[in-house]
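Q: Whenever a hint applies, use it, and build me the whole structure from the sequences.
Protein chains: 4
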Amino acid sequence: MERTVIVELEKVRLKNPILIEGLPGIGLVGKIAADHLIAELKAKKIAELYSPHFPHQVLMQKNGVMRMIKNRFYAVRGKKQDLLVLVGDVQAVTSEGQYEITGKILDYAQKKGAKFIITLGGYGTGKVQEKPRVFGIASHKELVEPHKKYGIIFGESKGSIIGAAGLLLGLGKIRNMRGICLMGETHGSFVDPRSAQQVLEVLCRMLEIKVDVRKLDARAKESEQFAKKIEKEAMAAKGMSPAQPSGHDLSYIR
Amino acid sequence: MERTVIVELEKVRLKNPILIEGLPGIGLVGKIAADHLIAELKAKKIAELYSPHFPHQVLMQKNGVMRMIKNRFYAVRGKKQDLLVLVGDVQAVTSEGQYEITGKILDYAQKKGAKFIITLGGYGTGKVQEKPRVFGIASHKELVEPHKKYGIIFGESKGSIIGAAGLLLGLGKIRNMRGICLMGETHGSFVDPRSAQQVLEVLCRMLEIKVDVRKLDARAKESEQFAKKIEKEAMAAKGMSPAQPSGHDLSYIR
Amino acid sequence: MERTVIVELEKVRLKNPILIEGLPGIGLVGKIAADHLIAELKAKKIAELYSPHFPHQVLMQKNGVMRMIKNRFYAVRGKKQDLLVLVGDVQAVTSEGQYEITGKILDYAQKKGAKFIITLGGYGTGKVQEKPRVFGIASHKELVEPHKKYGIIFGESKGSIIGAAGLLLGLGKIRNMRGICLMGETHGSFVDPRSAQQVLEVLCRMLEIKVDVRKLDARAKESEQFAKKIEKEAMAAKGMSPAQPSGHDLSYIR
Amino acid sequence: MERTVIVELEKVRLKNPILIEGLPGIGLVGKIAADHLIAELKAKKIAELYSPHFPHQVLMQKNGVMRMIKNRFYAVRGKKQDLLVLVGDVQAVTSEGQYEITGKILDYAQKKGAKFIITLGGYGTGKVQEKPRVFGIASHKELVEPHKKYGIIFGESKGSIIGAAGLLLGLGKIRNMRGICLMGETHGSFVDPRSAQQVLEVLCRMLEIKVDVRKLDARAKESEQFAKKIEKEAMAAKGMSPAQPSGHDLSYIR
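Residue numbers (my numbering), protein chains in the order written: chain S, 1 to 254; chain W, 1 to 254; chain F, 1 to 254; chain E, 1 to 254.
Misleading hints may appear alongside valid ones.
Label-pair restraints from in silico Cβ distances [said to hold, decoys possible]:
no.	chain 1	residue 1	chain 2	residue 2	range
1	F	Lys141	E	Lys42	19 to 27 Å
2	W	Arg178	S	Arg13	28 to 36 Å
3	F	Lys80	S	Arg13	29 to 37 Å
4	F	Val7	S	Arg13	29 to 37 Å
5	S	Met235	E	Arg214	57 to 65 Å
6	E	Lys131	F	Phe190	52 to 60 Å
7	F	Ile209	S	Gln110	42 to 50 Å
The hints are simulated quantities; they were obtained by calculation from the structure and are not laboratory data.
Every residue, glycine too, gets a C-beta built ideally from N, C-alpha and C.
A: Written as structure tokens, this is what we have:
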């Protein structure tokens with residue numbers, strides 16, 4: 001496998017879908033929000049993305065079955081429009097990998113009819129906030145004003161957006177897609193379910209949907225454990241000569 | 001040569017072959033088991049795999065002839081089904097390389113008719129075991145129960161499987177192939193012929209074949225020396241400016 | 001997106017255009033000169049270049065709108081011949097990236113009819129000069145003598161020209177294009193608008209155009225701030241796991 | 001330019017040519033021998049090789065003209081057979097680059113009719129020898145015996161041959177080409193014209209030609225200076241942000 005591939009599990013026709021991205025990133029804010037969204041809305045997995053830019057390892061599950069490291073697409077039925085939600089284990093670590101994967105994601109989203117993108121992430125401030133704000137960055141100027149009513153703060157975030165959350169908007173814009181990146185204020189050094197909740201609430205207002213947040217903390221804990229595991233494994237893999245299984249003990253040594 | 005290539009030395013028709021992989025990895029467990037298997041079963045070399053993701057050097061042999069760094073496919077005739085055994089000097093060091101090479105291996109195995117894969121490796125625990133256990137990870141849930149009778153322990157190994165042993169199952173699954181990874185318990189810091197023997201015995205039970213293990217220790221010693229040599233050379237190569245021959249003295253300096 | 005792409009914003013016919021390059025480099029000499037040139041000549045942006053060899057991040061602007069990291073082509077109408085000016089945020093960091101991007105730039109320039117190239121840069125000496133000299137390097141020997149009359153000093157610069165300023169001439173020569181690299185003497189550790197001004201003055205003599213330099217210092221300050229920001233962001237991105245937004249605070253930590 | 005390219009300067013028909021390689025490597029032994037050979041035999045440059053796997057910089061020459069970093073092919077007319085001599089500034093630093101470039105070299109050599117390859121290099125021993133021996137490694141076993149009469153020592157060199165000197169034989173063998181690698185014994189830390197002379201003398205015996213070696217020392221000195229310059233420039237380039245000219249002063253700082 002020399003290129004990123006998307007394997008469609010089920011051919012589903014989507015009604016004017018919005019692409020929503022929540023991959024691992026700062027404070028796992030985007031990942032927690034998106035994982036919770038698909039769980040609560042009983043979303044259906046319709047495609048999987050595999051990439052040579054992901055770590056060259058597979059995960060051992062408790063039931064004795066392995067699974068690939070991957071990203072996944074879920075479909076959610078909506079009233080006016082459907083959702084195409086992208087979640088996953090990792091993001092590519094190199095620029096070349098990120099550009100390739102982001103291009104494939106957009107190819108697929110366009111094939112399913114998506115014209116609008118909402119990416120979810122955290123905005124690191126080095127401070128802990130009682131009630132994290134949600135910052136927004138738009139792909140086009142004319143999107144800024146109409147989106148302020150959802151409680152999104154524009155123009156106060158600085159710097160750059162790293163990875164898929166930014167690149168999906170950037171490469172999407174070249175294809176005439178539009179979109180918003182929602183960033184929950186977060187410290188940056190901790191997993192932050194509270195920030196994820198704020199992002200999710202803004203998202204729900206935008207989409208005119210309701211999502212129960214009672215199980216969000218529990219899911220955040222799972223996400224945290226999984227993210228730590230993946231990171232440790234990837235680290236272990238790099239430190240070792242090209243090899244085979246890394247046991248549980250080894251995987252905690254960096 | 002810009003891509004991994006497989007050069008077929010002999011066109012052999014295989015009867016429903018099982019792909020068996022034993023490349024270098026933790027404790028050289030998989031490599032020792034597979035190297036011993038092809039030697040004892042008088043397997044026939046039918047193809048060689050070369051890759052730009054292998055080190056850019058060739059090995060000097062005692063007879064004054066060089067040879068490439070490579071992976072090799074061997075054919076073994078069986079009663080019910082044949083074996084296609086993959087062994088080799090190295091694995092790719094990058095994720096991109098591993099994905100590309102694994103894809104090519106599966107292309108070839110499928111061309112030869114393979115539908116089932118058994119990968120061999122070690123499972124590092126940091127402890128020395130009197131009688132190493134053999135852990136298993138399956139590509140599909142329904143394979144777990146029927147394989148317990150061979151003495152494979154499922155569900156007790158954690159973490160991830162790095163390199164070809166895992167990726168062959170993972171990428172194979174996408175192509176509707178099935179498989180099992182057998183991992184012999186091993187310390188992780190030493191070459192472990194005893195663990196390799198346990199893996200080999202489980203494999204023989206699965207395949208309903210017999211393999212004499214008396215020469216296994218001697219072969220393990222050879223494998224160890226060769227693996228150390230390759231690693232030293234590769235290290236030396238990285239530390240040097242793009243260059244030509246590294247002599248024996250130099251190659252021991254890191 | 002797996003390869004560098006150039007998106008043409010406007011189909012403009014150019015009259016025998018000269019390609020002028022001023023991307024970030026030593027002392028930002030080339031960038032400042034070219035940025036000032038397009039601002040003063042009210043140049044028109046006609047194309048944008050995006051590359052997977054650029055950092056995998058997008059920039060947040062004050063108005064709440066993101067933009068991609070990119071290079072840009074501007075057209076300037078001249079009397080005898082038009083100008084095609086290339087400016088941008090960054091250069092690729094790898095050799096492979098530089099060769100790919102440079103090839104795409106030349107493809108585009110040739111499509112627009114360009115046969116001559118002028119690249120702008122700094123020449124680091126470790127010293128501060130009252131009046132920086134402008135060194136030149138030509139693609140062809142016969143260009144040296146006729147260009148001395150513009151005040152360009154040939155044969156006194158040593159070493160190599162790194163990045164697009166050199167590679168455009170080198171790869172251009174293979175395509176039978178000709179060109180000159182103008183290098184303003186500069187310390188190397190500071191942004192140097194004075195050196196940029198000298199380069200610009202030589203360029204204006206060559207092109208028989210006039211450019212007001214009064215706002216050059218102010219623009220140099222902007223360029224400096226922007227270049228620092230980009231560099232910090234790229235650094236931050238590398239130190240972080242594949243992630244999402246890096247806030248302003250974080251981006252100052254290396 | 002996304003791939004290695006060979007630009008043919010002159011279409012020359014060669015008579016059963018032998019490919020001879022002498023690129024930079026240990027002790028510059030191969031480079032000195034090959035550079036001297038083409039100078040003394042008044043060889044004709046017939047092609048140039050450029051690669052994205054070479055450093056992304058161009059060299060400033062004393063006459064004010066730049067030139068690309070490259071490899072070059074020279075043709076020499078012989079009695080029984082012609083020579084196609086490959087020399088150059090650098091070798092690729094990555095494995096992927098070496099495999100790609102070596103493949104392109106073989107493509108070209110085969111197109112010109114070459115079936116036999118002689119690669120030249122040094123064999124590092126960490127010792128200084130009064131009269132360096134010349135070790136040989138053959139692509140095929142049957143070449144060993146007949147070549148001993150030229151004073152080549154087979155079977156006493158160990159380890160691996162790094163870079164083009166080894167890979168040309170290895171990848172050539174896959175294409176049914178044959179060849180010998182000649183390695184002059186050398187310390188490894190110094191440029192070694194004496195070892196180069198021994199290699200050259202063996203080569204002359206093999207080819208039944210005569211080459212005056214009086215100017216070899218002087219040429220070796222030039223090669224040494226040039227190789228140091230290139231290395232310094234490449235180092236400087238890596239330490240710098242993607243940039244433009246590196247001046248002579250800077251280039252001596254590592």
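Q: Does each hint fit the structure? Answer for all of them.
A: Tested hints:
Evaluation of the 19 to 27 Å hint for Lys141 of chain F and Lys42 of chain E yields a pass: the beta carbon distance comes to about 22 Å. At about 32 Å, the CB distance of Arg178 of chain W to Arg13 of chain S agrees with the hint of 28 to 36 Å. For the hinted restraint 29 to 37 Å between Lys80 of chain F and Arg13 of chain S, the CB-CB distance of approximately 59 Å leaves it violated. Val7 of chain F and Arg13 of chain S have their C-beta atoms about 31 Å apart, which keeps the hinted 29 to 37 Å range intact.
Distance hint for Met235 of chain S and Arg214 of chain E: a CB-CB separation of about 59 Å, consistent with the stated range 57 to 65 Å. Against the hinted window of 52 to 60 Å, the Cβ-Cβ separation of Lys131 of chain E and Phe190 of chain F comes to about 55 Å, which satisfies the hint. For Ile209 of chain F and Gln110 of chain S, the hinted distance range of 42 to 50 Å is satisfied, since their beta carbons lie about 44 Å from each other.
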